[in-house]
Amino acid sequence: MENNAKLKMQLQCPMPKLDFDVITLGHGSGGMLTNKLLDSGVFDLLSNDILDKRHDGAFLEMNGKMAFSTDSFLVSPIFFPGGNIGELAVNGTVNDLAVCGAVPKYLSLSFIIEEGLKMTEFWEILVAIKYACEKANVKVVTGDTKVVEKGKGDKIFINTSGVGMMHPKAAISQENIKIGDKIILSGNIATHGMAIMSVREGLEFETTIESDSTNLNHTIINLIEKFGKDIHLLTDPTRGGVATVLKEIAVSANLGIDIFQKNIPIDDQVASACELLGLDPLYVANEGLFLSFVDASVADSFVETLQQDENGTTAKIIGSVVEAHPKQVILESAIGGKRVVSMLPGEQLPRIC
Amino acid sequence: MKYMKEYRDPELAKKYLEEIKKSVTQPWSIMEVCGGQTHSLVKNGIIDMLPKEVTMIHGPGCPVCVTPINLIDKAIHLALNENVILCSFGDMLRVPGSKINLLEAKAKGADVRILYSPLEAVNIAEDNPDREVVFFAVGFETTAPANALSVIHAHRKGLRNYAILASHVLVPPAIKAVIDDDESNIDGFLAAGHVCTIMGNSEYHPLASTYNVPIVVTGFEPLDVLQGILMVIRQLEANKATVENQYSRIVKEEGNTEAQKMIFEVFEIKNQMWRGIGEIPESGYAVKEKYALYDANKKFSISIKEAPEHPDCISGQIMKGIKKPFECPQFGKKCKPSFPLGAPMVSSEGACAAYYHFSGLIEA
Numbered sequence: 001m002e003n004n005a006k007l008k009m010q011l012q013c014p015m016p017k018l019d020f021d022v023i024t025l026g027h028g029s030g031g032m033l034t035n036k037l038l039d040s041g042v043f044d045l046l047s048n049d050i051l052d053k054r055h056d057g058a059f060l061e062m063n064g065k066m067a068f069s070t071d072s073f074l075v076s077p078i079f080f081p082g083g084n085i086g087e088l089a090v091n092g093t094v095n096d097l098a099v100c101g102a103v104p105k106y107l108s109l110s111f112i113i114e115e116g117l118k119m120t121e122f123w124e125i126l127v128a129i130k131y132a133c134e135k136a137n138v139k140v141v142t143g144d145t146k147v148v149e150k151g152k153g154d155k156i157f158i159n160t161s162g163v164g165m166m167h168p169k170a171a172i173s174q175e176n177i178k179i180g181d182k183i184i185l186s187g188n189i190a191t192h193g194m195a196i197m198s199v200r201e202g203l204e205f206e207t208t209i210e211s212d213s214t215n216l217n218h219t220i221i222n223l224i225e226k227f228g229k230d231i232h233l234l235t236d237p238t239r240g241g242v243a244t245v246l247k248e249i250a251v252s253a254n255l256g257i258d259i260f261q262k263n264i265p266i267d268d269q270v271a272s273a274c275e276l277l278g279l280d281p282l283y284v285a286n287e288g289l290f291l292s293f294v295d296a297s298v299a300d301s302f303v304e305t306l307q308q309d310e311n312g313t314t315a316k317i318i319g320s321v322v323e324a325h326p327k328q329v330i331l332e333s334a335i336g337g338k339r340v341v342s343m344l345p346g347e348q349l350p351r352i353c
Numbered sequence: 354m355k356y357m358k359e360y361r362d363p364e365l366a367k368k369y370l371e372e373i374k375k376s377v378t379q380p381w382s383i384m385e386v387c388g389g390q391t392h393s394l395v396k397n398g399i400i401d402m403l404p405k406e407v408t409m410i411h412g413p414g415c416p417v418c419v420t421p422i423n424l425i426d427k428a429i430h431l432a433l434n435e436n437v438i439l440c441s442f443g444d445m446l447r448v449p450g451s452k453i454n455l456l457e458a459k460a461k462g463a464d465v466r467i468l469y470s471p472l473e474a475v476n477i478a479e480d481n482p483d484r485e486v487v488f489f490a491v492g493f494e495t496t497a498p499a500n501a502l503s504v505i506h507a508h509r510k511g512l513r514n515y516a517i518l519a520s521h522v523l524v525p526p527a528i529k530a531v532i533d534d535d536e537s538n539i540d541g542f543l544a545a546g547h548v549c550t551i552m553g554n555s556e557y558h559p560l561a562s563t564y565n566v567p568i569v570v571t572g573f574e575p576l577d578v579l580q581g582i583l584m585v586i587r588q589l590e591a592n593k594a595t596v597e598n599q600y601s602r603i604v605k606e607e608g609n610t611e612a613q614k615m616i617f618e619v620f621e622i623k624n625q626m627w628r629g630i631g632e633i634p635e636s637g638y639a640v641k642e643k644y645a646l647y648d649a650n651k652k653f654s655i656s657i658k659e660a661p662e663h664p665d666c667i668s669g670q671i672m673k674g675i676k677k678p679f680e681c682p683q684f685g686k687k688c689k690p691s692f693p694l695g696a697p698m699v700s701s702e703g704a705c706a707a708y709y710h711f712s713g714l715i716e717a
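Those protein sequence lines, which keep their order, are chains A and B.
Following the working numbering, the numbering of the first sequence begins with 1 at its first residue and continues without gaps.
Following the working numbering, the numbering of the second sequence begins with 354 at its first residue and continues without gaps.
So that you can see chain A by itself, here it is in the shape it has in the complex (with noise of 0.2 Å):
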């Protein structure tokens, strides 16, 4: 269904008839280049009141506690099944609020463009840009495009900043973890990371493994509007994985974590890329999922909720905080046994048999 959508929004905005096919240095120059891309499209795809204005800076009118963050998207292949690095800059920005327990608001929006990069691409992407905005219920309100040489780049970089109002329920915090609290995944872990993989490897399975690049900041703000202060820490696990996010966790709060292998959601095909790659699913990146470490007393409860979502159908209560063992996540392994999960030195590198 969501795959309708995405085509329904891309046939609503046909790419506007241009002079050129591909971005050249020129049109990161500020000069007229620039504008006819801009105007050619980019401020009507995006429109908005705020960034109708045009002004250098956007203009917000925002009262109370707010949250604010930034990230940088680089993603090679740039498109992927499930979605593009457009979606993803969105989304990771908006996820990143959600999880502090703000209501995302506004972002800014930056280009760092390869020469050589396709109109029909980069328009491509600002339609899904567009369209996870939307569906984020967020606003570009300020932004820039930059161009680089051919060689200086790989096809295409964005970052995004937001801003969100905090939600007057939210009591998020890594202070707020305490012993016996409950830790939730959301869903299936590795399938973003594993999606992209299987693209750059050229692997073909019986379906093929979409990214599930998704905002989450409606599905976490229902669960904050019901659990508030029950809710101690939102985290998603995207670089590094659910174990480095752990670890982070049990290290910096000075708390054990036990975790269960047999109650990790993960694909079958999932699991099966990554058993092929050689690579810890544990370790492997994630989009469109989020931890949470919530009271046990409402554990089961927010758990149905999420599983009512259509975010968190597989969610599941993975393991607990204890206080055994600080700073060590020990994992039970399907067969019974227990491993420390520690955090990689670099990239997760496949093993060679």
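No wet-lab data here; the hints were simulated from the structure.
Where hints are given, some of them may not hold.
To spell it out: a stretch of chain B is covered by chain A in this simulated footprint if at least three of its residues, at any positions, have a beta carbon under 8 Å from a beta carbon of chain A; those stretches are [claimed, not checked]:
{"hint": "1", "region": "361-367"}
{"hint": "2", "region": "386-397"}
{"hint": "3", "region": "435-444"}
{"hint": "4", "region": "662-675"}
Cβ coordinates follow ideal geometry from the N, Cα and C atoms, glycine included.
Based on these hints, arrange chain B on the given structure of chain A.
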């Protein structure tokens, strides 16, 4: 994919563990030869589940770990040549050479590419006729057929810009070297299932009978490893020493004869240096003269000085099972996966790295 859950069944695992406990009457030291088995033992937390009488010793079966430092320096030297595309399996990239590793060479501008198959490297050579493509052909007998096939393919295609930097190591001579070492004291072996998939079991029968040790050809899933351990223990307790095949769903007695043909079309057996262990007779493959054009050692005249190992690294003792990783004074202190002093701390199949990543419980 089939066979992912079947061999990780917790109920069956419990039954195997109970059987092992019932069968053991005295202490036994069992070496799992292959790094893939070490990985499975620690990843699944099996070591702590075994009865205290059973000590697992992690063998030299990590090809990444035993690749000579000199050869890594050669690979780095080649990679830093602007005209060379150096292709490698992923986990070779972090292995320390005498000065830097391949990841650092990559950061310095070397064209280093991670591949899953040497055949991809042949395609890269075809697509880049103006550049030299070198595949860092590391591995046990398991990866040898594909490496050999890449040479055969390049030869058939008439490519002159493809070569392999071969560092193949062979399992049976290594088992022999481990048993022959006066300091090591191993009662039984889990042989590497995937090596035997290619080579078959024939080389292991004389080892088992000559040295009176049970050898069980074993797979890599948790239940495989547990069953392999049980089979070794049953033999030991019954005072038997034969070759058994736990991994019979994959391994045939004669192995994969087509793959063997490919190996011996391209390679011949030679004495081989093992990092941390030293030279083991007839324990490696060299590219035959017939395919000298595809042998990076001959094609490029590289003279690299023999570099000494880090003086604090005791990887040889670790890989022969004389010491456990946590018995090394540098383990987790000076030597970490982010700053490995020796190769077993690098690959996740290396005994030291496996312990570091997964078994903090044992450490404590």
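Practice task
Tell me, in ascending order, the numbers of any earlier hints that this structure violates.
Solution key: The structure breaks only hint 4.
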